[in-house]
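**Q** Whenever a hint applies, use it, and build me the whole structure from the sequences.
Those protein sequences? They're chains W and U, same order as listed.
Mind the numbering: the first sequence is residues 0 to 520 in numbering that gives the first Met the number 0, read in order.
Mind the numbering: the second sequence is residues 0 to 305 in numbering that gives the first Met the number 0, read in order.
Check each hint, because a few of them may be wrong.
Computed beta-carbon distance windows for the label pairs [as the list claims (entries may be wrong)]:
| no. | chain 1 | residue 1 | chain 2 | residue 2 | range |
| --- | --- | --- | --- | --- | --- |
| 1 | U | Gly36 | W | Met223 | 51 to 61 Å |
| 2 | U | Gly36 | W | Arg47 | 25 to 35 Å |
| 3 | W | Gln63 | U | Ala170 | 51 to 61 Å |
| 4 | W | Ile65 | U | Ser5 | 36 to 46 Å |
| 5 | U | Met0 | W | Gln63 | 29 to 39 Å |
| 6 | U | Ser9 | W | Arg47 | 20 to 30 Å |
| 7 | W | Phe205 | U | Lys177 | 51 to 61 Å |
| 8 | U | Thr217 | W | Phe205 | 50 to 60 Å |
Just so you know, these hints were derived from the structure itself, not from any lab.
Using N, Cα and C, we set each Cβ at its ideal position, and we do this for glycine too.
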Amino acid sequence: MMQQSLWQFIMEQHEKLQTQIIQHLGLTFLSLLLAIVIGVPLGILIARKRKLSTPVLGLAGVLQTIPSIALLGFMIPIFGIGAKPAIIALLIYALLPIIRNTYTGITTVSPIVVEAAKALGMNKSQLLFKVEFPLAMPVIIAGIRTAAVINVGVATLASFVAAGGLGEFIFGGISLNNTNMILSGAIPAALMAVILDQAIAVVQKFGYRIFHKLKYIIPASLIMVGVVYGVTSISHQKITAGFTPEFMGRQDGDLGLRSVYELNVNPVVVSDAIMYKAAYEEELDLISGYSTDGRIKAFDLYVLEDDKKIFPPYYAAPIIKSKTLEKFPELEETLNLLAGKFNDSIMTDLNYKSDYLNQTPEKIAKDFLIKNKLYKKSNLGNAGTVRIGSKIFGEQYVLAEMYKMLIEGYTNYRVQTKTGLGGTKICFDALMNDAIDFYPEYTGTGLLVLLKPSDGDLKKVTKSPGETYQYVNSEFQKQYGIQWLRPLGFNNSYALMMRRKHAVELQIKSISDLKKYFDKE
Amino acid sequence: MITVESVSKSFNGKPAVDQISFQAYDHEILVLLGTSGCGKTTTLKMINRLIEADSGDILINGQNIRDRKIEDLRMGIGFVMQHSGLFPHYTVQQNIAIVPKLLKWDKRKIQNRMAELLYKLHLSEDMLSRFPGELSGGQQQRVGIARALIANTPVLLMDEPFGALDNITKADIHAAFKSLEELKNKTIILVTHDVQEAFELGHRICLMDKGKIIQTGTPKEMLYHSRNDFVHDFFAENHLLLEYKIATLKDVLGYMEPENGLEEFDFKETTTVWNALQKLSSDYKNTGHYENLIKGFNDYRKLQIL
Numbered sequence: 000m001m002q003q004s005l006w007q008f009i010m011e012q013h014e015k016l017q018t019q020i021i022q023h024l025g026l027t028f029l030s031l032l033l034a035i036v037i038g039v040p041l042g043i044l045i046a047r048k049r050k051l052s053t054p055v056l057g058l059a060g061v062l063q064t065i066p067s068i069a070l071l072g073f074m075i076p077i078f079g080i081g082a083k084p085a086i087i088a089l090l091i092y093a094l095l096p097i098i099r100n101t102y103t104g105i106t107t108v109s110p111i112v113v114e115a116a117k118a119l120g121m122n123k124s125q126l127l128f129k130v131e132f133p134l135a136m137p138v139i140i141a142g143i144r145t146a147a148v149i150n151v152g153v154a155t156l157a158s159f160v161a162a163g164g165l166g167e168f169i170f171g172g173i174s175l176n177n178t179n180m181i182l183s184g185a186i187p188a189a190l191m192a193v194i195l196d197q198a199i200a201v202v203q204k205f206g207y208r209i210f211h212k213l214k215y216i217i218p219a220s221l222i223m224v225g226v227v228y229g230v231t232s233i234s235h236q237k238i239t240a241g242f243t244p245e246f247m248g249r250q251d252g253d254l255g256l257r258s259v260y261e262l263n264v265n266p267v268v269v270s271d272a273i274m275y276k277a278a279y280e281e282e283l284d285l286i287s288g289y290s291t292d293g294r295i296k297a298f299d300l301y302v303l304e305d306d307k308k309i310f311p312p313y314y315a316a317p318i319i320k321s322k323t324l325e326k327f328p329e330l331e332e333t334l335n336l337l338a339g340k341f342n343d344s345i346m347t348d349l350n351y352k353s354d355y356l357n358q359t360p361e362k363i364a365k366d367f368l369i370k371n372k373l374y375k376k377s378n379l380g381n382a383g384t385v386r387i388g389s390k391i392f393g394e395q396y397v398l399a400e401m402y403k404m405l406i407e408g409y410t411n412y413r414v415q416t417k418t419g420l421g422g423t424k425i426c427f428d429a430l431m432n433d434a435i436d437f438y439p440e441y442t443g444t445g446l447l448v449l450l451k452p453s454d455g456d457l458k459k460v461t462k463s464p465g466e467t468y469q470y471v472n473s474e475f476q477k478q479y480g481i482q483w484l485r486p487l488g489f490n491n492s493y494a495l496m497m498r499r500k501h502a503v504e505l506q507i508k509s510i511s512d513l514k515k516y517f518d519k520e
Numbered sequence: 000m001i002t003v004e005s006v007s008k009s010f011n012g013k014p015a016v017d018q019i020s021f022q023a024y025d026h027e028i029l030v031l032l033g034t035s036g037c038g039k040t041t042t043l044k045m046i047n048r049l050i051e052a053d054s055g056d057i058l059i060n061g062q063n064i065r066d067r068k069i070e071d072l073r074m075g076i077g078f079v080m081q082h083s084g085l086f087p088h089y090t091v092q093q094n095i096a097i098v099p100k101l102l103k104w105d106k107r108k109i110q111n112r113m114a115e116l117l118y119k120l121h122l123s124e125d126m127l128s129r130f131p132g133e134l135s136g137g138q139q140q141r142v143g144i145a146r147a148l149i150a151n152t153p154v155l156l157m158d159e160p161f162g163a164l165d166n167i168t169k170a171d172i173h174a175a176f177k178s179l180e181e182l183k184n185k186t187i188i189l190v191t192h193d194v195q196e197a198f199e200l201g202h203r204i205c206l207m208d209k210g211k212i213i214q215t216g217t218p219k220e221m222l223y224h225s226r227n228d229f230v231h232d233f234f235a236e237n238h239l240l241l242e243y244k245i246a247t248l249k250d251v252l253g254y255m256e257p258e259n260g261l262e263e264f265d266f267k268e269t270t271t272v273w274n275a276l277q278k279l280s281s282d283y284k285n286t287g288h289y290e291n292l293i294k295g296f297n298d299y300r301k302l303q304i305l
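**A** Now the structure itself:
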C-alpha cells in the first residue's frame, strides 16, 4: 500500500523531482569540480612547501567542522541566496578531503622513485606530471570520492538558501509529515551518492592509465552540468518570493495561494532560519513567515492582510498523552499556569528579544515569569523526569524553558529538555514514541499537517479559533490518545510579508493587492 | 674523466664527506668501498648533483658540474640504484625509454637501441609490456641497468647496484655485467660495501672511512701494500680469498714448470687462480694439477708480500 502510494507520489511529482535531481547533481558536480580545481593545486603546493601544510590543512579542517546550516548562514550576507552560496558552501566541505589526499598522495610517493626521476634528468614539472601526480592519483581520487559523497549529502541543505535540490522534498516532507515526499527526496539522494561513489571507484581502479582522458572529460562535464544547472535555475521576476518547504506543500500555504487567490508567485524554497534576513537584505521580496516572529519587528517587515482567510488560526498549546498526565498527576495544572498569559504582541516581543536582541531563552523565560509573578525557585525534586520537546525556532525554545522552570518550581519532578527537534513530524513522532512527554504545538499544524481532514470538514472547523481547538483536541484524543491542554493565548499563524518600504512603494496591503500587482506584469 | 677536488658535505652540522679528492679515469671502473655511513653514497650523488656539495669542485672532462644545467648534466650520466628505482606506473619498455624520450629521440632509434640492450642483458622482449612489480629482483636490476645505459652516456654511476640481490643472482649479473662491451669505453664509479664485489669488478678501489679516503689503488696494491692498519684490517677477513681472486694465471705461470699440463683446460691468461682452482678441485683426477697450481701461487705470493 505504502509503496504504491510512494510510486503515485513520484509519478505525480515527476517533473519537480526531475528538476530537483538535476539541480542536486548540478550543485554537487559544480562544487566538486571547483573543489578539485582549487584543492588539487593547493595540495601540490603544500606538498612542495611543507611549512604551509599545517596552516592550510588546519584551516580546511576548521572550515569542515562548521555546521552546514551555520556556514550557509554566513554565506548569505556575502553571496546572497540561490546557487552561489550553496556551491561555495559545498566547495568548502569538499576541500579538506581533496587537499589532504593530494598532499598525502604526493608526499607518500616512494622517495626512491622520485630520486630516480631526478637522476634521469627530469625537471620539476616533468617530475610532477610524469611521476608524482600519476602515482598519487589513486589516493587523490579516493579523496574526490569522499568529497563527492559528502557533497551529495550536504547538497540537500541547499534548499535552505533557495538553491533547490532534493532537500526541497526531504525537508518539505519532514515539515509536512509526508513520508512519501521524504522518500522521494531521500531515495534518489542516496542512490546518487552510491552511484557517484561507484563511478569514481571505476576511475580510481584504472588510476593513472586513464588520467590523460580525464583532462578532457572533466572540463566537458563541468561545462555541461553548469549549463543545465544554469538553465533550470534562472528566473527573472520583479518580486522574488521565497517560501519555506513546509509552506510550499500546505493548503494554508502556497497551495492555498494558488487555489484561493489564483496567485502563482514562482517561489524559491528557502529555510525559515535565513528567510527573514534574506528579505531584509533584499535578496527576497516576499516571504512566508510566522505572524509572531520577532524578526518582523526587527527587520521592519509588513504582514499582508489575508483577505480571503486561507491561513487558519494557530493557537499554541502543549500537547501530551493522557497516559502521561496520569503518570505525572501534578503536571496538567502546572502547565496550564501559562494558559491565556499571552497575546500576539507579547509573543512577538519575546521573539524579538530572542531572535534579534539575542537574549538567551532562559533569561527571556525567567523575566517573563517574574513579571507575571509565576516564577518560583527550583525544588530540585526527583520524583520522576518529565521530558519537554521543542521545534527548532526561538519561540519554542522560550516556551520549553518556561515550562521547565514552572515544573521545577511547582512540582517535585525533574525536567529534561530536548529542544531543537527538526520539524512537526520529528516532534510528533518523538511524542508518539515516548521519546518526549510533551511539546507546544499549534492547532493549525495539528489540523492540517497531522489530521489532514477532508476539504468539507476543513471549512467547517476553521471558522473560528475555538472550533478548530475543539476539533483537534477531540480528534487527537480519539486517534492518538493525546490531549491539547489549554491554549496559551497567542495566534502564530502563517503570513505573507514584505519589507514595509517595498510594500508601501508598490501600494500592496493585502494578498489580493499582490495578486493584482502580479497580473499587471 | 671525473675529477673530485677537496669536496665536503655535512648534514645538520655533521660532516658526511670531508675534503675528499680522487679521479676516475676513462675506461675504468672505480669502486668506492666502505662500510655504511662512510660517505661513499653521498660522494656518488654529489657527482650528478642529487646532493649538492658544500665546498670543493667536481669536474667531468674538465668541465665543472656547477656550470651545467642540472637536467642536462643528469641526462648525460647513467645512474643505477640499489632498488632499481623503476617507475611502478610505467611498463618495462616505458621505463627504459625515459631518457631517450626526454632527449626526443625518434621512435625507431629508441626501438633499435632497446632491442640491442635487451639482447646484451639477457632480457626477453615479451617482458617489455610488463610492469616492474611483475618482475623478479634480478630482472628489475637488469632493466635498471638497461635504462642507465640506453642513452650511451660516457659516465655511469652505480649506487650499490647489486646490493639487494641474492648471491646466485648476483654472480649471474656480475658475469653479464663484466662481459658488457658497452662498459669498456665508459667512466664508471661504483659504490659498494661488498669487498668481494669491489675486487671482482673494480679496476681501482677507493677505500673510504668516516668521510675520508683512506687509500686508493688497484686491488693488488690494496692487498699487498696496505697503507695502514685500517686498510689491512678491512680486508683481513677475506684476505686469502681475495688473493686467490686477484691473481691470474698469467701472474702465476712464471713460477710453474713450463709443462704443467694446464693447457688441456680452456683457461685463459686472465682466468683467476681462484676460478682455475675451483675448476680443478671439482674432479679428483686433477689433483696433481691442483697442487701444482697452489705451489706456483705460493711462490708468486711470497714475492708479493716482501
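**Q** Are the hints correct? Go through all of them and say.
**A** Quick rundown of the hints versus the structure:
{"no.": "1", "hint": "Gly36/U / Met223/W: 51 to 61 Å", "verdict": "59 Å, holds"}
{"no.": "2", "hint": "Gly36/U / Arg47/W: 25 to 35 Å", "verdict": "30 Å, holds"}
{"no.": "3", "hint": "Gln63/W / Ala170/U: 51 to 61 Å", "verdict": "57 Å, holds"}
{"no.": "4", "hint": "Ile65/W / Ser5/U: 36 to 46 Å", "verdict": "59 Å, violated"}
{"no.": "5", "hint": "Met0/U / Gln63/W: 29 to 39 Å", "verdict": "59 Å, violated"}
{"no.": "6", "hint": "Ser9/U / Arg47/W: 20 to 30 Å", "verdict": "25 Å, holds"}
{"no.": "7", "hint": "Phe205/W / Lys177/U: 51 to 61 Å", "verdict": "43 Å, violated"}
{"no.": "8", "hint": "Thr217/U / Phe205/W: 50 to 60 Å", "verdict": "55 Å, holds"}
Violated hints, in rising order: 4, 5, 7; the structure is consistent with all others.
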